[in-house]
Amino acid sequence: MNFISKVRTIVWKDFTHELRSKEMLISMCVFSFLVIIIFNFAFPPGMGDVDRIIPGILWVAFIFSGLLGMGRSFGVEKDKGSLQGLLLCPVGRGTIYVGKMVGNFIFMSMMEAFTLAIFSLLFNVNPFPVLIPLVLVIVLGTLGFTVVGTIFSAMSANTRARDVMLSMLVFPIAVPLIIASIKATGKILDGKSLSEIYSWLKILVAFDLTFLLVSYLAFQFVVEE
Amino acid sequence: MRRWVSIAFEFSTLATMLGALYAIFLYAPIEKTMGIIQKIFYFHVSSAFLSFFAFFIVFVASILYLYRRDRKWDILAQSSAEIGVIFCTLVLITGPIWAKPIWNVWWTWDPRLTTTLILWFIYVSYLMLRKMAGEGQRETFAAVFGIIGFINVPITFLAIRIWRTIHPVVVRSSGISITSAMLNTLIITIVAFTLLFFHLLMARIRLERMREDCGEMRALWEERDNR
Amino acid sequence: MNDRVGTVEGDYVIEVRALTKRFGYKKALNQVNLTVKKGEFLALFGPNGAGKTTLIRILSSLMRPTSGEVLVAGYDAKSEGEDLRRIIGVISHNTFLYDNLTAFENLKFYGRMYDVKGLKERIEEVLELVGLKERMHERVQTFSRGMQQRLSIARAILHEPGILLLDEPFVGLDQNGLETLKGVLEGFREAGKTTVMTSHDLERGLEMCSRVTILHSGVIVYSEDISRTVRDDFQHTYSDYTEAGGLLHRRSWV
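Residue numbers (my numbering), protein chains in the order written: chain A, 571 to 795; chain B, 11 to 237; chain C, 11 to 264.
Misleading hints may appear alongside valid ones.
As the list claims (entries may be wrong) - Derived pair list, reagent style DSS-like, types lysine-lysine, alpha-carbon separation capped at 27 Å: (1) B/Lys110 x C/Lys37; (2) A/Lys757 x A/Lys772; (3) C/Lys48 x A/Lys648; (4) C/Lys143 x B/Lys82; (5) B/Lys82 x A/Lys650; (6) A/Lys650 x C/Lys143; (7) A/Lys650 x C/Lys48.
Note that these hints are calculated values from the structure, not bench results.
Sequences and hints are given; from them, build the entire structure.
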């Protein structure tokens with residue numbers, strides 16, 4: 571299908587581009603590492619209440635680092651003017667959106683895998699027994715985050731105070747996503763089964779699908795002059 | 011709008027507001043458990059209703075703007091958002107004022123109040139976006155965000171409600187017993203606030219139109235100068 | 011002041027009617043009418059801020075007109091952008107290249123996006139044409155400005171467009187690049203394809219074009235066949251048309 575091949579091409583381009591310099595990936599991973607370490611100092615593992623905030627810590631690291639990455643993804647395109655090259659191609663704007671979004675998703679996931687490893691080590695959490703449901707929740711959460719993050723970073727790249735603007739746009743919208751992800755992750759790490767987080771999963775899926783559709787349709791307005 | 015219509019409108023707004031104040035303080039009974047502080051409820055709920063209504067207008071105007079590209083929809087969206095934020099702020103101020111004497115906390119994580127807080131952030135971000143974006147893109151970006159923001163509200167409300175049923179609230183969300191007199195008062199207040207809302211909206215739109223006209227005249231003047 | 015083409019024959023590949031583009035209160039383009047016939051080479055001159063880049067952006071469907079009609083090869087720029095973009099090639103001082111990718115990868119990306127058949131061979135073909143074949147697998151980052159511009163030309167013609175839109179293409183070109191560009195443009199003309207080029211370089215523009223237009227403050231103030239334009243004196247003609255309204259008038263205030 572033409573759509574899929576175009577999306578694949580865009581993802582291939584972003585992936586190849588990033589792998590050469592690794593700038594974005596490295597800064598994302600370093601940043602999330604720092605966040606985890608800081609939380610480690612603030613809430614040393616072993617303290618009674620720490621278990622309750624552990625999922626929050628993980629997601630704070632994911633989110634702040636993810637924002638950093640997404641902000642750069644369109645920022646770079648805009649500065650070099652390469653976004654226009656992409657827009658000149660005979661592809662629908664929605665297709666471009668999906669291509670960028672998938673790329674962002676992949677990068678964010680790579681950062682999250684690294685972060686999860688560090689997190690497990692420093693907070694003495696063993697993710698392996700619950701790996702599959704955990705990955706499911708993380709995937710759904712990350713997907714929603716990149717869905718709105720991509721379109722908002724396309725917008726904020728064109729404004730003053732880019733990164734601040736991106737945060738202001740993403741956070742209020744991502745609230746249901748963040749709540750659902752953190753709560754669901756907490757339950758999973760506690761050993762609960764998927765059926766117990768059913769309502770959270772519903773919220774995640776609803777968020778993902780709704781905003782994927784809306785962003786897909788709205789992206790053309792954001793990039794045309 | 012024609013002169014006499016606008017004057018009539020101003021007067022009816024004033025009249026209903028006065029009527030509402032009378033109803034709130036002299037007509038409606040004092041609630042048994044909460045006392046006189048409960049009367050803030052009328053302002054609180056009316057403001058919430060109007061802010062929601064305002065943001066709904068932003069939503070519709072944003073869609074129409076993207077469709078038609080007519081600046082008047084953008085002006086409507088901007089004006090409605092600004093006034094919506096004002097009413098929203100009122101909700102967030104009256105909430106704690108009500109909560110503190112009754113339940114001894116400044117903030118209750120009531121799902122509706124919390125959703126209002128998020129709504130406030132969304133539309134403040136909307137206004138910031140308008141400020142920070144460049145000339146040609148401001149309207150388009152704002153319209154897209156206005157649409158996404160509004161669609162987000164039901165999802166946010168659901169998420170917060172599920173969260174809250176797991177962590178019971180400090181307070182039960184509706185702890186007041188309502189009499190019919192109170193209901194009437196509430197309706198009168200909402201009507202008064204609605205008229206006030208439209209009054210402010212018209213004023214804001216008029217202001218924006220005047221600003222546009224000035225800008226256009228200045229540009230024409232410059233154009234003439236250049237020739 | 012409209013288009014004054016004498017002969018009305020052949021297909022119009024570009025038709026612009028009452029095109030207006032406003033940014034806030036400023037009209038970058040004001041009721042512009044323009045037609046370009048198949049095979050023509052239109053040179054568009056004008057001072058900075060005249061609206062040349064805006065016009066190219068609108069023709070390439072990157073920018074949306076405020077009002078008016080824009081048809082390129084029969085496609086409406088507003089609603090049929092995708093089809094339109096398939097048959098045009100755009101060259102500007104912005105190279106649209108990705109620094110971290112090699113020349114080959116850049117062309118592979120664009121080739122795939124344009125659904126170019128026999129991509130590998132075509133890439134080698136165009137790289138040969140612009141004289142960059144030996145640097146095929148080197149990163150664009152390492153290229154000089156002139157080389158990047160040459161690669162950009164290769165990118166623009168990779169999918170064999172029928173219409174070429176150029177926005178100040180001579181800026182930053184080295185001697186090699188200049189020769190390459192001229193070669194490409196001549197090849198285009200011989201193949202009967204259409205070109206629209208904006209430039210500050212009056213001499214170069216006049217060399218190649220078949221029709222001359224001048225854009226000033228968003229309005230077309232001059233439009234003539236090259237045969238009816240006195241080349242040597244064009245500098246004067248240009249000054250007359252672009253300064254008459256603005257500069258002279260302002261000077262009188264000094």
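Consistency of the hints with the structure:
Only pairs whose Cα atoms come within 27 Å are accepted, and B/Lys110 paired with C/Lys37 is rejected, the gap being roughly 56 Å. Simply put, A/Lys757 and A/Lys772 have alpha-carbon atoms about 15 Å apart, close enough for the 27 Å limit, and the pair holds. This hinted pair does not check out: C/Lys48 and A/Lys648 have alpha carbons roughly 34 Å apart, beyond 27 Å. Among the hinted pairs, C/Lys143 with B/Lys82 is inconsistent with the structure: their alpha-carbon atoms are about 55 Å apart, more than 27 Å.
Proposed proximity of B/Lys82 and A/Lys650 is contradicted: the alpha carbons are some 35 Å apart, above 27 Å. For the hint linking A/Lys650 to C/Lys143, the alpha-carbon distance of about 24 Å falls within 27 Å, and the restraint holds. Distance check on the hinted pair: A/Lys650 and C/Lys48 sit about 34 Å apart at the alpha-carbon level, beyond 27 Å; violated.
Hints 1, 3, 4, 5, 7 from the earlier list are contradicted by this structure; the remaining hints agree with it.
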